[in-house]
Amino acid sequence: MPEFDVCIVGSGAGAAPIAATLAAAGRRVVVLEKGPWLHEGDFFKDDRALGARRAYKPRLRDEPHVLEDRAEDGGWQATPTWQSERDFWNGSAVGGATNFMSGMFHRMKPQDFKLRSIYGPIADATIADWPIDYDELEPYYALVEQEVGVSGRAIAHPHAEPRSTPDFPFPPTTEHLFARRIDDAFSRAGLHPLPVARAILPATVGERGGCSYSGYCGGYGCATGAKGSARAALLTRAVATGCCEIRPRAHVFRLVSDASGRAIAAEYRDAVGGTRRVTAKVFVLACQAIETCRLLLLSHSPRHPRGLANGSDQVGRNLLFSATALGAGDFPLAEAPQAERGALAAYGPFVNRALQDWYHIEDPAFDGPAKGGTLEFVLQHPNALARASTLKWDENGRLLWGRELKARLEREFTGMRRLNFEVFADWLPHADCHVRLDPAVTDRWGVPVARVRLGFHPHNARVTAFLAARGEEALRLVGAGNVRSRVYDSPPPNLVAGGCRFGTDPSTSVLDPQCRAHEVDNLFISDASFMPTGGSVPYTWTVYANAFRVARQVLATV
Amino acid sequence: MVAIRTSISRRRWLLGATAAALSLPFAALGAAPAALAPPLFWRTVRALHEHLFPPLPGTPSVADINATAYLSAVLLDPRIDAAEREFLSRGVILLDAYARRRHDRPFTALAEDEREAVLRRIEENPDGRYWLSLIVHYLLEALLADPVYGGNRDGIGWRWLAHDPGTPRPPRGWYEAVPEDA
Chain A
1 MPEFDVCIVG
11 SGAGAAPIAA
21 TLAAAGRRVV
31 VLEKGPWLHE
41 GDFFKDDRAL
51 GARRAYKPRL
61 RDEPHVLEDR
71 AEDGGWQATP
81 TWQSERDFWN
91 GSAVGGATNF
101 MSGMFHRMKP
111 QDFKLRSIYG
121 PIADATIADW
131 PIDYDELEPY
141 YALVEQEVGV
151 SGRAIAHPHA
161 EPRSTPDFPF
171 PPTTEHLFAR
181 RIDDAFSRAG
191 LHPLPVARAI
201 LPATVGERGG
211 CSYSGYCGGY
221 GCATGAKGSA
231 RAALLTRAVA
241 TGCCEIRPRA
251 HVFRLVSDAS
261 GRAIAAEYRD
271 AVGGTRRVTA
281 KVFVLACQAI
291 ETCRLLLLSH
301 SPRHPRGLAN
311 GSDQVGRNLL
321 FSATALGAGD
331 FPLAEAPQAE
341 RGALAAYGPF
351 VNRALQDWYH
361 IEDPAFDGPA
371 KGGTLEFVLQ
381 HPNALARAST
391 LKWDENGRLL
401 WGRELKARLE
411 REFTGMRRLN
421 FEVFADWLPH
431 ADCHVRLDPA
441 VTDRWGVPVA
451 RVRLGFHPHN
461 ARVTAFLAAR
471 GEEALRLVGA
481 GNVRSRVYDS
491 PPPNLVAGGC
501 RFGTDPSTSV
511 LDPQCRAHEV
521 DNLFISDASF
531 MPTGGSVPYT
541 WTVYANAFRV
551 ARQVLATV
Chain B
1 MVAIRTSISR
11 RRWLLGATAA
21 ALSLPFAALG
31 AAPAALAPPL
41 FWRTVRALHE
51 HLFPPLPGTP
61 SVADINATAY
71 LSAVLLDPRI
81 DAAEREFLSR
91 GVILLDAYAR
101 RRHDRPFTAL
111 AEDEREAVLR
121 RIEENPDGRY
131 WLSLIVHYLL
141 EALLADPVYG
151 GNRDGIGWRW
161 LAHDPGTPRP
171 PRGWYEAVPE
181 DA
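Sequences listed follow chains A and B, in order. If you number the first sequence the way the numbering used here does, the last residue is 558 and the count never jumps. If you number the second sequence the way the numbering used here does, the last residue is 182 and the count never jumps.
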């Protein structure tokens with residue numbers, strides 16, 4: 001008799017909806033989380049610990065990834081992250097990376113589910129339609145608004161996706177002066193500023209406190225419970241049912257399967273390095289895309305010689321990130337009306353504005369209609385150490401010190417505020433972006449680490465460059481000076497998805513449309529791994545919504 | 001939030017300094033002894049800090065931000081990679097040796113313009129540039145990290161830059177309690 005009905009590996013956005021749904025229905029659930037179990041009282045605004053010292057992330061020497069970049073000779077150059085210091089961890093703790101998100105929430109749009117049908121194939125990109133459509137996910141987006149706590153304001157908007165409820169269950173967070181300036185300037189120019197929803201409660205609800213507007217949100221744990229982390233919003237309630245056990249510092253390194261190929265146990269290292277095992281009727285993986293793929297590949301057995309659920313050699317393929325560009329514009333405080341300077345200088349309130357006027361692009365720069373993306377407007381993060389450490393380099397890459405450095409710090413900290421834009425566009429799936437096991441590099445326990453190839457489809461940069469140019473124009477409309485932007489071809493590690501695509505054909509997908517493994521009928525995957533394409537928005541809302549959808553399927557099997 | 005990586009992360013990569021450089025740094029800048037006597041080592045650090053973060057009216061001094069003691073704590077911090085800490089120390093030793101070779105005097109005895117010339121020369125070397133960027137980075141930590149870490153005395157760095165660090169502030173010792181292999 002298995003000890004639990006359901007064993008969930010990971011505890012973030014893909015995991016917690018499963019735990020909450022199953023525990024509420026009286027099923028016995030165990031959650032195995034690699035990181036510690038922290039609570040509101042454990043979170044502080046500490047630039048040094050969170051940024052410079054990487055609190056809650058493994059040491060790169062102990063747990064590296066190996067990253068493959070395109071080499072000059074056209075081959076691939078593999079570098080372990082302890083050498084490059086490119087950090088592909090996003091924070092390990094109960095609640096996963098949602099503890100550290102900024103909670104900018106977007107739904108995907110109906111066309112994102114049918115990218116290939118609507119926009120057609122692109123050479124060398126392995127684009128596939130989703131096996132479900134927006135209407136199937138919509139009720140779960142609505143459920144997330146309630147269950148996780150999403151604040152916002154639904155308005156009639158030409159680019160908004162359809163919704164089944166008239167408005168958000170919580171009013172928007174307090175907004176920065178920039179929000180009004182953006183609304184005025186963009187509307188005058190015929191653009192359509194979109195109020196952005198946030199997984200942040202503006203006021204106390206039950207056990208969760210309202211936002212304290214400290215300004216230190218993205219990258220920092222929330223000290224009030226306002227942020228809709230998987231832990232604060234869902235796991236606390238799951239545990240309160242008495243049916244959900246969370247085991248922190250439990251690092252799963254293998255799923256054991258029996259002679260018939262079904263999963264029967266998870267093996268993990270506990271807090272003191274001992275090996276333990278837990279049995280369950282159903283297993284759900286949600287360790288973030290790269291580690292989920294790694295765990296499947298590590299879990300080979302006689303019935304699954306290439307790794308669990310990998311009979312078609314699809315695990316790890318079609319890894320996605322988000323194609324990005326970043327822009328910035330400066331607003332000298334001295335140029336603002338005296339009465340507005342305080343509001344302009346404030347870091348606490350949120351800007352909460354985006355433009356999706358180019359989510360669909362019709363422009364001579366592209367051969368026919370093209371999928372575009374989102375321009376998100378955010379106040380520069382107040383993290384003083386990160387800002388100052390960047391300021392030590394001048395525009396030409398010369399290191400500043402002495403009088404020059406001090407003058408620059410004074411000017412940038414006390415004399416201006418910066419409005420950034422972030423571009424979110426599709427990272428096209430293709431053959432050179434994938435996860436495998438490294439043949440040589442292991443973690444400190446001798447387990448092979450994930451080797452991630454980071455090939456970038458050139459179409460990504462065409463779209464992000466187009467959007468970055470629109471972003472620069474938009475910042476100038478708001479009155480920004482010193483406007484500049486940069487298109488990135490390296491992926492943002494915190495926006496990762498794919499690798500275990502869902503679909504109807506077992507030869508080209510790992511999961512069926514319910515996110516159950518084609519080859520293992522008691523294994524579900526509910527993090528962002530299932531996504532065949534990622535849309536042009538941050539993923540978290542979609543991951544939460546899909547995990548609530550998958551939870552119903554899991555519940556039906558136990 | 002799209003990750004805009006903080007602090008020194010990726011800098012070494014971008015600067016082209018390699019892991020090999022951490023074990024055999026500054027090879028191109030010539031030989032240096034294995035160690036400096038501690039008093040000279042710390043006088044050299046102090047002189048370096050004074051040059052990089054000079055006492056200007058209306059701004060905090062290196063004494064105000066406790067920069068030298070802060071760096072000594074960094075050199076003993078087990079959460080910073082041992083190779084990086086060794087690299088930081090090697091750079092100080094090399095700075096003294098390089099000053100003696102160019103000017104027949106220790107760095108501490110150089111005039112301001114001579115110090116500037118020596119440091120800009122070191123900056124031309126990729127390893128030297130990375131080392132200097134680390135030294136400046138830890139100066140900025142001493143200026144702006146929470147006072148519980150020993151710098152930024154009474155929040156003087158925050159006051160100078162009119163910076164609101166947010167709340168709640170970290171209590172002493174909390175970070176050391178975060179599991180390292182979480």
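FYI, nobody ran anything at the bench for these hints, they're computed from the structure. Predicted model, so just to flag it, every value in this text is computed and none were measured. Wrong hints could be hidden among the right ones.
[To be verified] Per label pair, the in silico range of CB-to-CB distance:
no., chain 1, residue 1, chain 2, residue 2, range
1, A, Ala339, B, Arg101, 56 to 62 Å
2, B, Pro38, A, Leu333, 55 to 61 Å
3, B, Arg101, A, Leu477, 38 to 44 Å
4, A, Gly342, B, Gly155, 36 to 42 Å
5, A, Asp42, B, Ala63, 52 to 58 Å
6, A, Gly190, B, Glu112, 45 to 51 Å
7, A, Thr174, B, Arg100, 43 to 49 Å
8, B, Gly155, A, Thr508, 54 to 60 Å
9, A, Asp42, B, Asp81, 32 to 38 Å
10, A, His192, B, Asp81, 45 to 51 Å
11, B, Ala63, A, Arg180, 18 to 24 Å
12, A, Gly342, B, Arg100, 51 to 57 Å
13, B, Pro54, A, Arg486, 29 to 35 Å
14, B, Asp81, A, Ile264, 52 to 58 Å
Note that the Cβ used here is the ideal one computed from N, Cα and C, for glycine as well.
Hint by hint, here is what the structure shows:
no.: 1; hint: A:Ala339 / B:Arg101: 56 to 62 Å; verdict: holds (60 Å)
no.: 2; hint: B:Pro38 / A:Leu333: 55 to 61 Å; verdict: violated (46 Å)
no.: 3; hint: B:Arg101 / A:Leu477: 38 to 44 Å; verdict: violated (57 Å)
no.: 4; hint: A:Gly342 / B:Gly155: 36 to 42 Å; verdict: violated (20 Å)
no.: 5; hint: A:Asp42 / B:Ala63: 52 to 58 Å; verdict: violated (34 Å)
no.: 6; hint: A:Gly190 / B:Glu112: 45 to 51 Å; verdict: violated (57 Å)
no.: 7; hint: A:Thr174 / B:Arg100: 43 to 49 Å; verdict: violated (59 Å)
no.: 8; hint: B:Gly155 / A:Thr508: 54 to 60 Å; verdict: holds (58 Å)
no.: 9; hint: A:Asp42 / B:Asp81: 32 to 38 Å; verdict: violated (25 Å)
no.: 10; hint: A:His192 / B:Asp81: 45 to 51 Å; verdict: holds (48 Å)
no.: 11; hint: B:Ala63 / A:Arg180: 18 to 24 Å; verdict: violated (44 Å)
no.: 12; hint: A:Gly342 / B:Arg100: 51 to 57 Å; verdict: holds (53 Å)
no.: 13; hint: B:Pro54 / A:Arg486: 29 to 35 Å; verdict: holds (32 Å)
no.: 14; hint: B:Asp81 / A:Ile264: 52 to 58 Å; verdict: violated (40 Å)
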